[in-house]
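Student: Sequence:
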Amino acid sequence: MIQYKIKIFTAIVIGGVAACASPAFAQTTFQNYRCADGAQFIVGFFKPDQRAHLQIDGRAVTLAKRLALSGSRYSGGGVTLRIAKAGATLKHGKRPVTSCEMI
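So for the sequence shown, the working numbering puts the first residue at 204; every next one is plus one.
Heads up, some of the hints might be wrong.
[Claimed, not checked] Pairs of lysine-lysine residues, derived as PhoX-like cross-links and limited to a Cα-Cα distance of at most 20 Å, are as follows:
{"no.": "1", "residue 1": "Lys294", "residue 2": "Lys268"}
{"no.": "2", "residue 1": "Lys268", "residue 2": "Lys288"}
{"no.": "3", "residue 1": "Lys268", "residue 2": "Lys250"}
What the hints contain is simulated information worked out from the structure, not anything from laboratory work.
Values in this document were obtained by computation on a predicted structure and should not be read as measured data.
Make a model of the complete structure from these sequences and hints.
Tutor: The structure is reproduced here in structure tokens:
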């Protein structure tokens, strides 16, 4: 079910990006992650937008970029995503922080 929702989200986002006439919006990056607690999510980065657009637990969440000493940190809607060279961590809802790897 989650895979199906991720595919729908990806198709909507790609369709929206394709509809934009500006070449700046055509620069996108999608990353799929799997976490130690079993959570899976997809995150999209659209240049020049500094936010991360996350699809997790069947809902879309936009995360604002926050100050980080190393790597990148994004948060919003009860979700915090940290991405560093060593890997990524995710905190969402009342769940504890979990490590995630790109798949």
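Student: Now tell me if each hint is right for this structure.
Tutor: Outcome of the hint check:
no., hint, result
1, Lys294 x Lys268, "15 Å, holds"
2, Lys268 x Lys288, "17 Å, holds"
3, Lys268 x Lys250, "13 Å, holds"
No hint from the list above goes unmet by this structure.
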